[in-house]
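If you're matching them up, the sequences are chains R and P in order.
One point on numbering: in my numbering, the residue at position 190 of the first sequence is 190, and numbering is uninterrupted.
One point on numbering: in my numbering, the residue at position 321 of the second sequence is 321, and numbering is uninterrupted.
These aren't lab readings, by the way, just hints derived from the structure by calculation.
Glycine residues also receive a C-beta, built at the ideal position from the N, C-alpha and C atoms.
Among these hints, one or two may not hold up.
Claimed, not checked - Pair by pair, the computed Cβ-Cβ distance ranges are:
#1 R/ARG287 x P/ASN110: 51 to 61 Å
#2 P/PHE190 x R/ALA108: 55 to 65 Å
#3 R/ARG287 x P/LEU316: 41 to 51 Å
#4 R/GLN56 x P/PHE190: 27 to 37 Å
#5 P/ARG87 x R/ALA104: 36 to 46 Å
#6 R/LEU39 x P/ARG159: 26 to 36 Å
#7 R/ARG211 x P/PHE96: 55 to 65 Å
#8 R/SER196 x P/ASN110: 47 to 57 Å
#9 R/LYS64 x P/LEU95: 55 to 65 Å
#10 P/ARG159 x R/LEU288: 17 to 27 Å
#11 P/ASN110 x R/LEU74: 31 to 41 Å
#12 R/ASP125 x P/VAL323: 37 to 47 Å
Claimed, not checked - From the structure, some residues in chain R lie toward chain P, with a derived Cβ separation under 10 Å:
#13 ALA144
#14 LEU145
#15 GLY152
#16 LEU193
#17 SER196
#18 SER229
#19 SER230
#20 PHE233
#21 GLY235
#22 GLY252
#23 PRO266
#24 VAL271
#25 LEU275
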Amino acid sequence: MTTLDSSAALLGAGTSRPVPTASAFRRLRIGPILSVLFLLFLVVAVVDPSLLAHYQPLAVDPAKSLEAPSVAHLFGTDESGRDVFSRVVYGATPSLSIGLAATALGLAIAIVLGALAGLGGRVVDAIIGRILEILFAFPALLLALLFVTIFGASVESLIISVGLGSAPGYARMVRGQILAVKSSPYVEASYVLGHSRWRVLGRTVLPNAMRPLLVLATLGIGQSIIWASSLSFLGLGAAPPAPEWGAMLADGREFISTAWWVELFPGAMIVFVTLATTSLGRYLQRRLEGRGADA
Amino acid sequence: MTTVSTGSVSFEDDLDSDFTTTGARTSHSQRGWRRLVRTVGSGILVLWGAATVTFIAINAMPGNPAVAMAGGAASHPSKAVIAAVTREYGFDQSLFVQYLLYLLRLIRGNFGFSSSQKMPVADVIAESIWPTVLLTASALLLAWILAIASCLLTVRRGRFATSLGSGLEVLSAALPQYWLGILLLEIFAFSLGWIPATGGDGAVGLILPAFTLAIPLAGFMSQVTRDEFDLALEQPFVISARARGMSDWGVRLRHVLRHAVLPGLTLSGWALGSLISGAVIVETLYSRNGLGGVLLVGVTQQDMPLTVGVTLIVALVYVVANVVVDALYVVVDPRLRSR
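Go ahead and model the full structure; you've got the sequences and the hints to work with.
Rendered as structure tokens:
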């Protein structure tokens with residue numbers, strides 16, 4: 001019961017009880033299904049964009065500048081006559097990989113810090129707690145700007161800075177999860193069975209504490225993608241000719257009053273990715289808690 | 001060990017880890033004012049830590065740090081300027097002396113010289129911070145109004161309203177600020193023509209930028225508040241209040257809301273810091289004067305003293321806001337006043 005309580009509390013106090021709380025995705029199973037379909041579409045766009053897009057993302061056609069959406073050009077064309085749909089499809093790879101890499105980096109840092117804090121005893125815990133507190137004073141976007149000032153604008157500094165910016169949040173959760181698992185009856189049982197401290201930590205505490213990380217990662221990807229694309233939008237990430245979604249939005253800004261489609265679709269993709277990952281993350285969260293209840 | 005979840009990773013962990021959900025909060029009532037003192041103490045620690053981080057950042061800059069602090073190699077600083085900067089920052093002395101000099105300068109309010117604005121960083125910040133403070137403060141207020149309205153109107157108001165409310169929250173939290181800003185501009189400034197696209201620094205010019213910053217934040221705030229609101233509605237005091245004959249709205253406004261705003265309140269300090277960095281996007285988009293726009297110019301020109309100065313100011317805002325939030329806690333939660 002302790003485990004269920006604590007892990008559920010970590011993941012969301014409101015979602016742990018049998019009485020359903022307010023969540024649109026809770027009852028509507030269609031949410032996760034649509035999310036998976038959309039993410040599958042993205043996977044195809046990453047693996048083989050030419051299956052979906054009939055034009056090259058950089059193919060310029062001045063005669064077709066700023067054409068409205070039509071059957072030939074589903075999302076219209078941009079100022080250079082490039083097909084916006086194709087650019088959006090080809091843009092999936094750079095846009096998503098930045099967000100994914102940043103999330104992975106953030107999680108990696110968080111697992112190290114969180115595990116040290118959760119397992120290293122009071123002094124280490126207190127020190128890491130202070131460090132995390134200090135890092136919280138740096139909003140992710142500002143940290144990224146500081147990073148770009150030091151190392152210049154590049155995709156690498158973008159990934160590192162967004163990853164660093166999201167790490168303290170994850171770290172605090174990893175720590176909480178480890179502390180919760182540490183005090184659970186099955187860990188106690190493992191000690192009673194005579195297992196050594198390291199065996200219990202390595203085989204029982206860590207694997208159980210890491211379980212919700214998949215959910216955390218899914219929920220966090222959307223924000224990482226938003227941050228990363230924001231920096232591209234400010235001209236501090238992917239360079240403009242590349243079909244990265246944030247950069248596309250920065251590119252099309254001056255045409256907003258005449259050609260809304262240049263701005264609408266790349267932005268909508270970012271929103272859909274975030275919605276899909278959030279929806280899927282929440283679904284996984286509930287599944288995870290459901291399993292906890294059965295055990 | 002409980003943390004209130006928002007469904008968003010970046011926000012939920014920001015809650016003070018010792019602040020627990022409704023059921024277990026009573027054990028913390030003894031803390032009362034003591035936690036305020038603790039917050040001030042840890043705030044000073046955070047400021048010192050932030051100063052240390054920026055010191056490390058300056059030293060992490062590739063190349064000669066003196067050249068970097070004088071505006072970077074691209075600005076071709078003269079030998080005399082480099083020598084002056086070296087002397088000022090103590091770059092020719094040991095790292096420890098540099099560090100002490102750095103802290104001493106910060107305590108005196110000396111943030112160095114901004115190469116992109118051609119004046120001291122402290123003056124740049126003093127000149128441009130007020131439009132940004134006005135913008136972020138209105139955005140925070142607006143976000144709270146939207147979040148509370150959404151919770152009051154849709155939590156446990158039947159399946160449709162509930163789904164609509166939480167659906168809208170998830171959607172708003174997923175909106176990138178720059179895209180939302182573009183859409184609002186297109187709809188309200190260009191298509192409908194209700195609001196001029198560049199409304200200047202007056203109240204009309206504040207409307208669209210404030211909404212652009214507030215809507216995604218409101219999505220997050222509202223998710224946190226909603227979970228807590230929902231929990232509070234199950235508490236025995238709700239039943240007893242209803243049994244006393246209090247109306248549904250009365251219960252929600254007078255009892256439930258008090259509980260529900262607490263976790264969101266904790267987030268406010270963090271939110272203010274992140275709103276200031278969000279102002280970089282919004283001020284650029286709406287061509288508003290302010291710290292954000294100045295910062296962006298500084299970043300693109302590798303103006304290290306300016307970026308560091310703004311970072312430290314944001315850390316200061318974060319710390320001050322957290323102290324204010326702690327004081328507000330005592331106002332909102334009477335149990336904290338007991339001792």
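The hints, checked one at a time:
1. R/ARG287 x P/ASN110: 51 to 61 Å: holds, 55 Å
2. P/PHE190 x R/ALA108: 55 to 65 Å: At roughly 44 Å between Cβ atoms, R/ALA108 and P/PHE190 fall outside 55 to 65 Å, so the hint is violated.
3. R/ARG287 x P/LEU316: 41 to 51 Å: holds, 43 Å
4. R/GLN56 x P/PHE190: 27 to 37 Å: This hint holds: roughly 31 Å between Cβ atoms.
5. P/ARG87 x R/ALA104: 36 to 46 Å: holds, 44 Å
6. R/LEU39 x P/ARG159: 26 to 36 Å: This hint holds: roughly 27 Å between Cβ atoms.
7. R/ARG211 x P/PHE96: 55 to 65 Å: At roughly 45 Å between Cβ atoms, P/PHE96 and R/ARG211 fall outside 55 to 65 Å, so the hint is violated.
8. R/SER196 x P/ASN110: 47 to 57 Å: Cβ of R/SER196 to Cβ of P/ASN110: about 56 Å, so the range 47 to 57 Å holds.
9. R/LYS64 x P/LEU95: 55 to 65 Å: holds, 59 Å
10. P/ARG159 x R/LEU288: 17 to 27 Å: holds, 25 Å
11. P/ASN110 x R/LEU74: 31 to 41 Å: violated, 57 Å
12. R/ASP125 x P/VAL323: 37 to 47 Å: At 24 Å between Cβs, range violated.
13. ALA144: Check passed: Cβ of R/ALA144 comes within 9 Å of chain P, closer than 10 Å.
14. LEU145: Since the shortest Cβ distance to chain P is 5 Å, the answer is holds.
15. GLY152: Result: holds, 7 Å to nearest chain P Cβ.
16. LEU193: Violated: closest Cβ of chain P sits about 25 Å from R/LEU193, beyond 10 Å.
17. SER196: violated, 25 Å
18. SER229: holds, 6 Å
19. SER230: holds, 6 Å
20. PHE233: Since the shortest Cβ distance to chain P is 5 Å, the answer is holds.
21. GLY235: It holds, given that the least Cβ distance between R/GLY235 and chain P is near 7 Å, below 10 Å.
22. GLY252: holds, 9 Å
23. PRO266: holds, 8 Å
24. VAL271: holds, 5 Å
25. LEU275: holds, 5 Å
Violated hints, listed in ascending order, are 2, 7, 11, 12, 16, 17; each of the other numbered hints is respected by the structure.
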